[in-house]
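Position chain S against the provided structure of chain G, taking the given hints into account.
For the record, the sequence lines run as chains G and S. Residue numbering for the first sequence follows full-length UniProt numbering, starting at 1 and increasing by one per position. Residue numbering for the second sequence follows full-length UniProt numbering, starting at 1 and increasing by one per position.
Don't read these hints as lab results, they were simulated from the structure. Any given hint might turn out to be false.
What the hints assert, rightly or not - Here are the computed distance ranges between Cβ atoms for each label pair:
id, chain 1, residue 1, chain 2, residue 2, range
1, G, D244, S, Y182, 54 to 64 Å
2, S, R193, G, P213, 36 to 46 Å
3, G, R74, S, F100, 28 to 38 Å
4, G, V95, S, R94, 37 to 47 Å
5, S, M29, G, V102, 24 to 34 Å
6, S, L83, G, V95, 33 to 43 Å
7, S, S59, G, I208, 47 to 57 Å
8, G, V275, S, L83, 22 to 32 Å
Claimed, not checked - Take a look, some chain G residues computed to stay more than 10 Å from chain S by CB distance:
id, residue
9, Y81
10, S89
11, D199
12, R205
13, T212
14, L214
15, S217
16, I219
Stated by the list, open to error - Coverage of chain S stretches by chain G, computed from C-beta distances (three or more under 8 Å per stretch; other residues unrestricted):
id, region
17, 222-228
18, 239-251
19, 266-279
Glycine is no exception: its CB is placed at the ideal position from the N, C-alpha and C atoms.
The lines below spell out each chain.
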Amino acid sequence: MTDTSIQAPGAGSIPGRVTEAKVNTARRKTPRINGSAVVMGLYLLFLLLPIYWLLNMSLKTNTEILGSFSLWPRDLTLANYVKILTDESWYIGYVNSLIYVVMNTVISLAVALPAAYAFSRYSFMGDKHLFFWLLTNRMAPPAVFALPFFQLYSSIGLFDTHIAVALAHCLFNVPLAVWILEGFMRGVPKEIDETAYLDGYSFPRFFIKIFTPLIASGIGVAAFFCFMFSWVELLLSRTLTTVDAKPIAAIMTRTQGAAGIDWGVLAAAGVLTIVPGALVIYFVRNYIAKGFALGRV
Amino acid sequence: MNKTVNQKAWFLVLPVLLLVAFSAVIPLMTVVNYSVQDTFGNNQFFWAGLEWFEQMLASERMWDALWRQLTFSAIILAIEVPLGIFVALNMPKRGFWASFCLVLMSLPLLIPWNVVGTIWQIFGRVDIGLLGYTLDKLGISYNYTQDLLAAWVTVIVMDVWHWTSLVALLAYAGLQSIPDAYYQAAKIDQASRWAVFRYIELPKMAGVLMIAILLRFMDSFMIYTEPFVVTGGGPGNATTFLSIDLVKMALGQFDLGPAAAFSIMYFLVILLISWVFYTVMTNLDKRDGV
Chain G
1 MTDTSIQAPG AGSIPGRVTE AKVNTARRKT PRINGSAVVM GLYLLFLLLP IYWLLNMSLK
61 TNTEILGSFS LWPRDLTLAN YVKILTDESW YIGYVNSLIY VVMNTVISLA VALPAAYAFS
121 RYSFMGDKHL FFWLLTNRMA PPAVFALPFF QLYSSIGLFD THIAVALAHC LFNVPLAVWI
181 LEGFMRGVPK EIDETAYLDG YSFPRFFIKI FTPLIASGIG VAAFFCFMFS WVELLLSRTL
241 TTVDAKPIAA IMTRTQGAAG IDWGVLAAAG VLTIVPGALV IYFVRNYIAK GFALGRV
Chain S
1 MNKTVNQKAW FLVLPVLLLV AFSAVIPLMT VVNYSVQDTF GNNQFFWAGL EWFEQMLASE
61 RMWDALWRQL TFSAIILAIE VPLGIFVALN MPKRGFWASF CLVLMSLPLL IPWNVVGTIW
121 QIFGRVDIGL LGYTLDKLGI SYNYTQDLLA AWVTVIVMDV WHWTSLVALL AYAGLQSIPD
181 AYYQAAKIDQ ASRWAVFRYI ELPKMAGVLM IAILLRFMDS FMIYTEPFVV TGGGPGNATT
241 FLSIDLVKMA LGQFDLGPAA AFSIMYFLVI LLISWVFYTV MTNLDKRDGV
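Next up, chain G with everything else stripped away, as it sits in the complex (with noise of 0.2 Å):
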């Protein structure tokens, strides 16, 4: 024991020579490692359960899951998925939602760039007031606009358009889309941009050629929490259309009104909704904080 304490520093981990408080931390060291991995188990599981029961759910027919209990399907079928995307009141809600989610990211990229550079690069008049006042846009609850919206996109005639969608989802995706790409551009030495100019460059240029590869990942990031959010969003989707430009979400919430719910569709529904962000997800995994960060960690 005492021999242990006055060994020299790093004497523990000379190999071949296992000390006895070599032997005591790796004991003690085990069950810790254990209790880490016992924890996140737990946590995925209750992260993945209720998704695995939908998706479950989406495996089996109507008589299934209402006459008996059963952790899997036992009687798989595809049929849900079938009916979904063949029958059009169905899958035209995913036309209609990818369109104006694709709208509504091109267009806050498109704004966005620009103005992120500016945000980054020079000091203005009012620049700090500005940005405060996008930041409050991204914040503001959608329930309050959606009264607003729906008689602004009246009284234009854009009222059930995709276009109408995508411009009221600029209101919280293009302040996200601009502190995103200010987060990401501030990590680019301003000396490339000095270099470049000096070179002769010409500001598009410039920035088509020379900056946007730089921050290709700041824009892929940006890109992808646009769709997420446009994506994910009901309450002003749902309030700007009717028929032809009805959201996947509005399309289920209105199946789940009805008296008798078809379980098993609303099911497969969700999951196709799933999909798109897990497709991605594991592209933009390392960046899932920052963009929910506002581009601030």
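Frame of chain G; chain S shown alone:
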């Protein structure tokens, strides 16, 4: 970073300004308009002054909704923040398992909010949901459409399920920025696990955690879709939070005046919190800039 003063930068910001002004300022002006006017229909409006504001401030309905909202936000923060930190501390630091955990943990964050509602609506049902069925078999009476407590528990567990990962991911990002040397120094000093957490990890996470808390507060403060899908604000008005109440008032009953006055007060609260958020962010930027 030193920024050059350049007023021409305004031209780069102009598109954003116009677009956001179109989708924020015009609607807000409409709201302000309604909040000070009254109508007998036929689009004839007359000046009502601060009548609606007084009426709303005196109405029990709004105070109840606000009170429920604050209780809800407080409870989910009290659960999500410690749980998020705890999960972050237990996450693998690098390698395959780190990516694995990141991907799976992010999954609930990317699910459309109404589907989150649908998932829990199904999951909690006594006849077809795993949770409801299990609780029922255990002899616990649980019915989130009838029972007040069950409705609240469902809505809170749902929010914890949905958003704890966000706190965890932010805390994790904060932990990743701590150099190994700090831990080695702590080891040499034979610091206890608690001391390492209290004097190394927590201070280093403080900024990020502040962002997480503010984000969660803001987003929970305007929560609409998830509880709306699960409970529809019920049983009774038990889970009618501010946004649900506002939408009911504005789009359901078309009580434009009161709804507008309500909106403006709601917005002012958000503005205040946004300002706190902004201050935290800029302080964080300054600290990182040094």
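*Can we confirm that no CB of chain S comes within 10 Å of the CB of L214(G)?*
15 Å, holds
*For V95(G) and R94(S), compare the CB-CB distance with the range 37 to 47 Å and indicate the outcome.*
Because 41 Å falls inside the window, the suggested range holds.
*Mind verifying the non-interface call on R205(G)? Its CB should be farther than 10 Å from each CB in chain S.*
15 Å, holds
*With 10 Å as the threshold, tell me whether T212(G) passes as away from chain S on beta-carbon distances.*
Per Cβ check, T212(G) is outside 10 Å of chain S; nearest 14 Å; holds.
*Beta-carbon spacing of R74(G) to F100(S) - inside the hinted bounds 28 to 38 Å or not*: The hint (28 to 38 Å, Cβ to Cβ) holds, given that R74(G) and F100(S) are roughly 30 Å apart.
*asked:* A cut-off of 10 Å on Cβ-Cβ distance, and S89(G) was said to be off the interface with chain S. Does that hold?
replied: About 18 Å separates S89(G) from the closest Cβ of chain S, which puts it past 10 Å; holds.
_36 to 46 Å as the expected CB spacing between P213(G) and R193(S), which holds or is violated_ = 45 Å, holds
_Beyond 10 Å on every Cβ pair: is that true for D199(G) relative to chain S?_
18 Å, holds
_Verdict on chain G covering the region 239-251 of chain S, criterion of 3 CB contacts below 8 Å_ = It holds, with 7 qualifying residues against the three required.
*For the pair S59(S) and I208(G), does the Cβ-Cβ distance stay inside 47 to 57 Å?*
55 Å, holds
*Y81(G) non-interfacial with respect to chain S [C-beta, more than 10 Å]*: Label holds. Min Cβ-Cβ 15 Å, cutoff 10 Å.
*Are there at least three residues in the region 266-279 of chain S whose beta carbon sits under 8 Å from a beta carbon of chain G?*
It holds, with 9 qualifying residues against the three required.
When each numbered hint is compared with the structure, no violation occurs for any of them.
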